[in-house]
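*Asks:* Sequence:
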Amino acid sequence: MKTKAQELCSYVDMHVHSYYSDGTMSPEAILKRAAQNGVRYLAIADHNTLKGTAELLKIADDYGICACSGVELDTLENGKDVHILGYGMSLENRDFHHFVNENRAHLDAISDRLIEKMVRQHHQTAVSTTGYRDFCYDRSRGGWKALHYFMAVGLTSSLYEGMRLYETYNCGYDQAPFSDIQSVCEKIHAAGGIAVLAHPGVTVSEAEVPAFLEYVSTRGIDGIECHYPKHSEALTKACVTFCRSEGLYITTGSDCHGTFGNTDIGEMQIAFDALDLQHFFKDCHKRAV
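In terms of the UniProt record's numbering, the sequence shown has 182 at position 182, counting the first letter as 1, and numbering is strictly consecutive.
Keep in mind that the hints were calculated from the coordinates and are not lab data.
It is possible that some hints are incorrect.
To be verified - Pairwise CB distance ranges (calculated): (1) Val240 / His189: 22 to 30 Å; (2) Gly131 / Leu91: 29 to 37 Å; (3) Asp95 / Lys230: 32 to 40 Å; (4) Ser157 / Pro210: 37 to 45 Å; (5) Ser90 / Ala211: 32 to 40 Å; (6) Lys237 / Asp138: 37 to 45 Å; (7) Tyr137 / Lys230: 26 to 34 Å; (8) Glu28 / Cys136: 18 to 26 Å; (9) Ala152 / Thr218: 39 to 47 Å; (10) Cys136 / Ala54: 19 to 27 Å; (11) His98 / Asn78: 21 to 29 Å; (12) Cys136 / Gly261: 21 to 29 Å.
Predicted model only: the values in this text are computed from it and were never measured.
For every residue, glycine included, the Cβ atom is placed at its ideal position computed from N, Cα and C.
Between the sequences and the hints, there should be enough to build the whole structure, so can you do that?
*Replies:* Next comes the structure, spelled out in structure tokens:
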């Protein structure tokens with residue numbers, strides 16, 4: 001049965017994280033929250049994993065919600081970590097699965113190096129490589145393994161406090177062997193998907209966004225996440241104007257991580273009819289109208 005919100009709204013949210021990456025909600029819990037908030041077009045875009053989106057696609061119809069495959073991939077461009085969202089990829093593409101899993105391994109290796117560096121420098125006797133390797137945590141609490149490990153051994157008192165250790169020990173994204181933007185876009189395209197630049201206003205300062213968009217538009221992207229909680233009204237307008245001038249897709253996402261964050265699914269309240277997203281959702285749009 002459709003909720004009252006569903007009957008009145010057809011909101012879009014193409015950037016939600018499940019507990020398969022660093023969110024706190026299962027795909028089913030995400031669907032329930034989306035239905036409550038009037039979201040009828042949804043994508044789970046977990047960090048470098050397809051587990052959440054695969055589960056979502058299996059059960060979305062049960063909630064009257066149109067879903068497309070999604071993922072958020074790290075890239076390294078001129079020493080900067082740039083996130084590219086992939087949508088509409090075939091989840092049966094083995095090469096793409098391999099690439100995403102490899103990207104995930106690169107991401108997890110950053111934490112492995114942090115632990116090893118802390119042990120090697122003898123700055124923290126509470127941590128150990130074997131202790132970290134054998135450590136398990138509750139994914140529904142959000143974040144990732146290392147953050148929970150630091151709390152478990154008494155080194156930090158919150159997940160967010162643990163994030164600062166990466167900077168303290170100089171273990172950043174720039175040291176991971178992520179592919180560049182163009183290579184990642186090509187991988188997405190080869191799997192039948194579309195590549196979208198995630199939250200440009202988070203990746204660079206607002207003053208840098210115009211030049212950044214000009215540069216990234218030459219690297220193979222098909223769209224930009226224009227409507228985003230941390231974007232100012234002026235920045236959103238600039239991104240939308242750029243997309244229209246360059247013929248790029250305009251997308252929207254809350255970047256909701258459940259309680260491991262402060263955004264809610266569908267909070268941008270962007271209607272499907274305000275965007276040109278039929279390509280992403282294909283024939284499921286016909287079932288929703």
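*Asks:* Hint compliance check: list the failing hint numbers for this structure, sorted ascending.
*Replies:* Of the numbered hints given earlier, the structure breaks none, since each of them holds.
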